[in-house]
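**Student:** Please build the complete structure, drawing on both the sequences and the hints.
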Amino acid sequence: MSKVPRNFKLLEELEKGEKGLGPDSCSYGLADPNDITMTNWNATILGPPNSNHENRIYSLRIICDNNYPEKPPIVKFISKINLPCVDKSNGTIIPQTFKTLSNWSRSYSIEIILLDLRKLMADPHNKKLPQPKEGETF
Amino acid sequence: MSEFAITIKMTGDAKHQLNVTPSMTVLQLKEKIATDLDVSVDRQRLIFSGRVMKDNDTLETYKIKEGHSIHLVKGPVKSATTSTPAAATANTAASSPSAAATVPTNIEAGQGSFNPLAGLTDARYAGYNIPMPTMEQLGFGTDGMQLPAENQLEQMMDNPAFQEGMRSMLSNPQMLDYMIQQSPQLRAMGPAARELLQSDYIRNMLTNPQAMRSMMELQRAMGGASGLGGASASAFPTPGNPNAASSASTTPASGASSTTPAVDASTGANPAANPFASLFGAGAGAGAGAGAGLGGFGANPFLNPSFNPNLMNMFGAANAAPTTAAATADTRPPEEVFQTQLRQLNDMGFFDFDRNVTALRRSGGSVEGAIEMLFNGSV
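Residue numbers (our numbering), protein chains in the order written: chain A, 818 to 955; chain B, 13 to 391.
Honestly, the hints are just simulated from the structure, not real lab data.
Watch out, some of these pointers could steer you wrong.
What the hints assert, rightly or not - Here are the simulated lysine to any residue pairs, SDA-like style, with alpha carbons at most 25 Å apart:
| hint | chain 1 | residue 1 | chain 2 | residue 2 |
| --- | --- | --- | --- | --- |
| 1 | B | Lys75 | A | Arg823 |
| 2 | A | Lys833 | B | Gln356 |
| 3 | A | Lys833 | B | Met360 |
| 4 | A | Lys836 | B | Arg199 |
| 5 | A | Lys950 | B | Asp67 |
| 6 | A | Lys936 | B | Arg57 |
| 7 | A | Lys836 | B | Gly389 |
| 8 | A | Lys836 | B | Tyr74 |
| 9 | B | Lys75 | A | Lys916 |
| 10 | B | Lys42 | A | Arg823 |
| 11 | A | Lys836 | B | Gly87 |
| 12 | B | Lys66 | B | Gly79 |
| 13 | A | Lys945 | B | Arg57 |
| 14 | B | Lys66 | A | Arg823 |
| 15 | B | Lys86 | A | Arg823 |
| 16 | A | Lys936 | A | Leu831 |
| 17 | A | Lys836 | B | Asp50 |
| 18 | B | Lys44 | B | Asn68 |
| 19 | A | Lys836 | B | Val32 |
| 20 | A | Lys820 | A | Leu838 |
| 21 | A | Lys950 | B | Gly87 |
| 22 | B | Lys66 | B | Ser14 |
| 23 | A | Lys833 | B | Asp54 |
| 24 | B | Lys86 | A | Leu946 |
| 25 | B | Lys42 | A | Gly952 |
| 26 | B | Lys86 | B | Asp54 |
| 27 | A | Lys836 | B | Asp359 |
| 28 | A | Lys897 | B | Val32 |
| 29 | B | Lys77 | A | Lys945 |
| 30 | A | Lys916 | B | Phe365 |
| 31 | B | Lys44 | A | Lys820 |
| 32 | B | Lys27 | A | Arg823 |
| 33 | B | Lys66 | A | Lys916 |
| 34 | A | Lys893 | B | Asp50 |
| 35 | A | Lys833 | B | Lys75 |
| 36 | B | Lys27 | A | Leu838 |
| 37 | B | Lys27 | A | Ser876 |
| 38 | B | Lys75 | A | Lys820 |
**Tutor:** Now the structure itself:
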């Protein structure tokens with residue numbers, strides 16, 4: 818199968834994000850809509866129900882550098898969160914501890930990262946983890 | 013400034029078109045949403061392109077254009093307990109408060125003047141205490157995708173207490189009225205509908221374990237055919253289709269229609285929906301406290317506008333009490349339930365999230381089945 822070039826893939830993801838074609842539980846778009854390199858992205862994850870994350874909205878920053886989608890993007894929580902794969906000091910997701918990033922495939926997307934993170938939040942091991950107060954940021 | 017249309021996307025698939033202007037502030041937009049969609053301003057949280065929108069910014073700041081979509085997340089209800097009185101009363105057996113809180117509030121919606129769930133607390137139901145299988149017994153325990161063993165269902169059906177429960181439901185004139193009232197087809201039939209529902213034939217069909225079982229085997233032999241089959245014209249009517257419900261009361265072949273949903277719904281990715289309610293219609297997922305939208309094929313009212321979950325649902329309603337405890341896990345969104353399957357579909361080039369989910373629901377989580385439906389355009 819031919820490889821989708823970076824910009825085409827990101828454009829497609831951008832359109833999906835802006836038009837809300839993806840799932841309800843997460844949203845993403847360019848941090849600066851004029852950024853033609855499509856590098857910096859904002860994202861939100863709506864905390865999964867029946868967990869300590871319920872009714873919270875988590876903001877993230879996703880950086881798709883030139884190696885995307887060959888290499889996974891850098892993913893960072895802006896909202897404070899307590900999750901095993903998140904660096905407690907700065908909110909960055911440590912790729913080795915988050916399967917979606919460590920086993921990255923170029924067919925993955927920002928949306929898949931967000932959904933997997935959300936799934937991680939709902940994981941029985943994580944859903945009752947004590948969470949910092951809502952609204953705090955890294 | 014020229015007006016343009018944007019989409020407001022609420023959780024639960026509801027979408028609404030709104031006309032806005034670029035100079036509008038987010039607060040003004042929220043006020044507009046409040047009047048149009050009946051969600052108070054302080055409960056609204058709007059997200060666009062991964063950003064939570066601030067009240068004082070204008071839409072222009074976010075570069076919102078025609079056709080874009082804003083996510084509306086409803087904040088917590090101030091008084092969660094008052095909004096689910098029906099759920100609370102229905103919750104006679106499993107009275108954990110958290111379970112009650114997760115019951116969708118729409119349990120009360122569209123119930124008309126007679127609320128069959130409220131009746132569950134009546135003395136006439138008090139003694140039945142119909143034993144319900146646990147989720148594990150039905151094979152929903154670990155991955156939520158397994159078919160319940162036929163013999164287990166049969167055991168359940170064999171239970172005299174259950175049969176008695178079913179009979180009493182069907183002989184309760186108020187319940188019959190309610191069922192008839194809820195179904196346009198049955199209503200159109202007039203008094204005949206009541207006779208049909210009360211007839212021994214229908215009653216036996218619903219209470220006879222052998223009949224149920226043979227229907228299920230037949231259904232299984234048909235494979236996913238019913239998922240692909242046409243609507244009411246099909247010999248195996250689309251589960252949840254109201255026509256199926258009416259044909260169930262009129263034609264002998266119809267036995268299948270009441271059992272078909274059983275298999276569909278139980279295979280269908282509805283790990284926490286009351287498996288028993290689904291015996292009598294996949295629609296159970298929509299009403300009987302089992303959590304809207306996640307039900308098996310046909311349980312999604314958005315797919316089938318004429319779909320009437322309430323008719324068959326009534327049988328499920330009797331079991332609502334035990335259900336509510338199990339319903340807690342049901343709030344998982346489809347992207348979680350079908351996570352691996354969706355990824356596979358994505359890998360194969362099916363990017364339309366809604367269609368993928370619909371197809372997976374109908375196929376009961378089978379990727380192959382979903383692909384078939386995606387290809388033949390039935391979703």
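**Student:** All hints, please: hold or fail.
**Tutor:** Hint-by-hint comparison with the structure:
The straight-line distance between the Cα atoms of B/Lys75 and A/Arg823 is roughly 23 Å, inside the 25 Å bound, and the hint therefore holds. Taking the CA atoms of A/Lys833 and B/Gln356, the gap is near 18 Å; set against the 25 Å cutoff, the hint holds. Between the alpha carbons of A/Lys833 and B/Met360 the distance comes to roughly 17 Å, so the proposed pair stays at or under 25 Å and holds. For the given pair, A/Lys836 sits about 41 Å from B/Arg199 by alpha-carbon distance, which is inconsistent with the 25 Å threshold.
Between A/Lys950 and B/Asp67, the direct Cα distance comes to roughly 22 Å. Compliance with the 25 Å bound is thereby established for this hinted pair. Among the hinted pairs, A/Lys936 with B/Arg57 is consistent with the structure: their alpha-carbon atoms are about 22 Å apart, no more than 25 Å. For the given pair, A/Lys836 sits about 23 Å from B/Gly389 by alpha-carbon distance, which is consistent with the 25 Å threshold. Between A/Lys836 and B/Tyr74 the CA atoms are separated by roughly 13 Å; this keeps the pair inside 25 Å, and the hint holds.
With a C-alpha separation of about 34 Å, the suggested pair B/Lys75 and A/Lys916 falls outside the 25 Å cut-off, and the hint is violated. A distance of roughly 36 Å separates the Cα atoms of B/Lys42 and A/Arg823; the hinted pair therefore is violated under the 25 Å criterion. Our distance criterion of 25 Å between C-alpha atoms is met by A/Lys836 and B/Gly87, whose separation comes to about 22 Å. About 21 Å separates the Cα atoms of B/Lys66 and B/Gly79, which keeps this hinted pair within 25 Å; it holds.
Among the hinted pairs, A/Lys945 with B/Arg57 is consistent with the structure: their alpha-carbon atoms are about 24 Å apart, no more than 25 Å. A distance of roughly 31 Å separates the Cα atoms of B/Lys66 and A/Arg823; the hinted pair therefore is violated under the 25 Å criterion. Distance check on the hinted pair: B/Lys86 and A/Arg823 sit about 35 Å apart at the alpha-carbon level, beyond 25 Å; violated. A C-alpha spacing of about 22 Å is found between A/Lys936 and A/Leu831, which places the hinted pair at or below 25 Å, so the restraint holds.
For the hint linking A/Lys836 to B/Asp50, the alpha-carbon distance of about 23 Å falls within 25 Å, and the restraint holds. For the hint pairing B/Lys44 with B/Asn68, the CA-to-CA distance comes to about 15 Å; that is within 25 Å, so the pair holds. About 15 Å separates the Cα atoms of A/Lys836 and B/Val32, which keeps this hinted pair within 25 Å; it holds. Restraint check for A/Lys820 and A/Leu838: satisfied, since their Cα atoms lie roughly 23 Å apart, inside the 25 Å limit.
For the hint linking A/Lys950 to B/Gly87, the alpha-carbon distance of about 16 Å falls within 25 Å, and the restraint holds. Simply put, B/Lys66 and B/Ser14 have alpha-carbon atoms about 22 Å apart, close enough for the 25 Å limit, and the pair holds. Between A/Lys833 and B/Asp54 the CA atoms are separated by roughly 28 Å; this puts the pair beyond 25 Å, and the hint is violated. With a C-alpha separation of about 23 Å, the suggested pair B/Lys86 and A/Leu946 falls inside the 25 Å cut-off, and the hint holds.
Proximity of B/Lys42 to A/Gly952 is assessed by CA-CA distance (about 21 Å); at most 25 Å being required, the pair is judged to hold. With a C-alpha separation of about 9 Å, the suggested pairing of B/Lys86 with B/Asp54 holds against the 25 Å cut-off. Straight-line distance between C-alpha atoms of A/Lys836 and B/Asp359 comes to about 21 Å, which keeps the hinted pair within the 25 Å bound. Using a Cα cut-off of 25 Å, the hinted pair A/Lys897 and B/Val32 is violated, with the two alpha carbons roughly 33 Å apart.
A threshold of 25 Å between alpha carbons decides the hint, and for B/Lys77 with A/Lys945 the separation of about 39 Å lies outside it, so the pair is violated. The straight-line distance between the Cα atoms of A/Lys916 and B/Phe365 is roughly 22 Å, inside the 25 Å bound, and the hint therefore holds. Only pairs whose Cα atoms come within 25 Å are accepted, and B/Lys44 paired with A/Lys820 is rejected, the gap being roughly 44 Å. For the given pair, B/Lys27 sits about 31 Å from A/Arg823 by alpha-carbon distance, which is inconsistent with the 25 Å threshold.
For the hint linking B/Lys66 to A/Lys916, the alpha-carbon distance of about 34 Å lies beyond 25 Å, and the restraint is violated. Under the criterion of a C-alpha separation no larger than 25 Å, the hint pairing A/Lys893 with B/Asp50 is inconsistent with the structure, at around 35 Å. Between A/Lys833 and B/Lys75 the alpha-carbon distance is near 15 Å, which keeps this suggested pair within the 25 Å criterion. With a CA separation close to 11 Å, the supplied pair B/Lys27 and A/Leu838 stays within the 25 Å bound.
The straight-line distance between the Cα atoms of B/Lys27 and A/Ser876 is roughly 23 Å, inside the 25 Å bound, and the hint therefore holds. With a CA separation close to 30 Å, the supplied pair B/Lys75 and A/Lys820 exceeds the 25 Å bound.
Going down the numbered hints, you'll see the structure goes against 4, 9, 10, 14, 15, 23, 28, 29, 31, 32, 33, 34 and 38, while the others check out.
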